[in-house]
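Visitor: Using the sequences and the hints given, assemble the complete structure.
Chains A and B are the protein sequences, given in the same order.
Residue numbers for the first sequence follow the working numbering, beginning at 10 and rising by one.
Residue numbers for the second sequence follow the working numbering, beginning at -13 and rising by one.
Calculated directly from the structure, the hints in this document are not laboratory data.
All C-beta atoms in this analysis are idealised placements derived from N, C-alpha and C, irrespective of residue type, glycine included.
Hints may contain errors.
Claimed, not checked - Partial list, computed: chain A residues near chain B (C-beta under 10 Å): (1) 134; (2) 139; (3) 141; (4) 147; (5) 152; (6) 195.
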Amino acid sequence: MLKPRLTMWLVATLGLGSTGVVLAAPPPEAVSCAACHGAMGEGLPAANYPRLAGLPANYIAEQLHYFASGERQNVIMSGMAKPLTPAQVKTIADYYAALPVTMAAPAASVSAGLMARGEQLAVYGDWKAGIPACFRCHAAGGVGVPPYFPPLVGQSANYLSDQIIAWQTGTRTGDPQGLMHTVANRMTSSDTQAVVAWLAAQKPEAAVTMAKSEGGAQ
Amino acid sequence: MKSTPLLMSRLAGALALACVVCAPVLAQNAPVEPKSALNAALLTGATFSPPDIATIPKDEFGKVVQFGRNVMYDTKKYAPQYAGNSLNCVNCHTDGGAMAGSAPLWGAWVSYPAYRSKNKKVNTYEDRLQGCFRFSMNGKAPPLGSDVLVALEAYSYWLAKGLPVDEKVAGRGYPDIPEPAQAPDFVRGKSVYEANCAICHAANGEGRVVNGAVVFPPLWGAQSFNWGAGMGSIKNAAKFIYANMPYGQSYSLTPQQAWDVAYYMDGQERPQDPRWEGSVVVTRAKYHDNKNSLYGTTVNGILLGDTGAPKPFQPPKS
Chain A
10 MLKPRLTMWL VATLGLGSTG VVLAAPPPEA VSCAACHGAM GEGLPAANYP
60 RLAGLPANYI AEQLHYFASG ERQNVIMSGM AKPLTPAQVK TIADYYAALP
110 VTMAAPAASV SAGLMARGEQ LAVYGDWKAG IPACFRCHAA GGVGVPPYFP
160 PLVGQSANYL SDQIIAWQTG TRTGDPQGLM HTVANRMTSS DTQAVVAWLA
210 AQKPEAAVTM AKSEGGAQ
Chain B
-13 MKSTPLLMSR LAGALALACV VCAPVLAQNA PVEPKSALNA ALLTGATFSP
37 PDIATIPKDE FGKVVQFGRN VMYDTKKYAP QYAGNSLNCV NCHTDGGAMA
87 GSAPLWGAWV SYPAYRSKNK KVNTYEDRLQ GCFRFSMNGK APPLGSDVLV
137 ALEAYSYWLA KGLPVDEKVA GRGYPDIPEP AQAPDFVRGK SVYEANCAIC
187 HAANGEGRVV NGAVVFPPLW GAQSFNWGAG MGSIKNAAKF IYANMPYGQS
237 YSLTPQQAWD VAYYMDGQER PQDPRWEGSV VVTRAKYHDN KNSLYGTTVN
287 GILLGDTGAP KPFQPPKS
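Guide: Structure, rendered in structure tokens:
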């Protein structure tokens, strides 16, 4: 795990290099998270540790709450989340939400047919099977819609499919109004494989212009 | 594959008898996954399914069909000269106008020309397309023979292939909804809205925009459909909402909830009716004198529609 000073240095340097903006040092609450989620919250795709950088603050806070309550079951994360006070959760959520997205998710290699099916599900959905387009709720490009809808691009295929399976098997709950639950339960395993492969293969540039919520249409 | 329980018995029950316990179900006691149908087709008895999109021919005709489909999905981009708000046709015609129970274009294509009481004459299919631009899109009617109109006709025709010409086709329009047991109510509608809709359409119905693009369309206000639109009728809105909303959870509301939230949505301000007759009283008397329109009535302390003459056409910003 990175020493706090090194982490600070990395954040400052990388932050300056990639966006020209000097970023705040991580708060002490987030230091232990870096071991798995990376110094810049970029995640570790090879180990299924999701990126946290740029996720909506409200969404991060909610998930920490679900890990602690058991609504979202994960041995590692429930241990990490349980000791956090509401104030610490807020500090952590605000910190990660403000970090720039730097991670490129590695693409899984699947057949062209599966990729085409993945694109169809992401952009148009499959209404016969009751699956609305992912991008209708997660925004064009899958960049997310703060405060409730997390981004899908910039996460690894394995992490994404683990989440769909978690909804299907009931180990992930708490999603508002059962919205994601409803979609996940309508997906076959080949649908899941197709859509996560396509999402993970999208250009990381899409993630760089991460969701800037601009309120409503005026 | 797994499918969501269809809850036929509850739906049948809700349709058959007057609902006596219609208090809105609030978020905290809602089940993890509300019972819903796969899509809007369920209560329509539709048997027709339009051709697979992948089979749009790769020729000159196919190009025009594809253009029509693009107009449905991204009206602002493909028909900017006629779109006056931030909606797209697909927002009210699910699956690009292919979905039964969501006013599919194939159902409409085989149903015109037809007499309509809205304007007391026989309307053509083109009239209907033009009407949705003028009212639902708060824009300008594309002229007869224009690229946009021709493309929408080509796409509708292509979707309807194999369907007999008959306006009674199952799946057309939005499915009927039982009359509400209690008169639709603004206050109850507001709590249905807050528990089931605000997450996407936002607290004041303004919708949500990300990186300059509308993700969740506005339900009222300056960028939504105008007072002349079909969705401004509480009945049409209740039917649409019951079958199509919350997004992905068809028929999960009770009919009473759908009526209440439709009343709440249609009891808000929106752009003036383009058929404006100089005053709200005259305009109501001429076009809105029925129980499904709140135009020209006072709701929540506001005389709806009292906003003066229609604003001149302006292409949308985003």
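Visitor: Evaluate each hint against the coordinates.
Guide: The hints, checked one at a time:
1. 134: Holds. Min distance 7 Å.
2. 139: holds, 3 Å
3. 141: holds, 5 Å
4. 147: Check passed: Cβ of residue 147 of chain A comes within 8 Å of chain B, closer than 10 Å.
5. 152: holds, 6 Å
6. 195: holds, 6 Å
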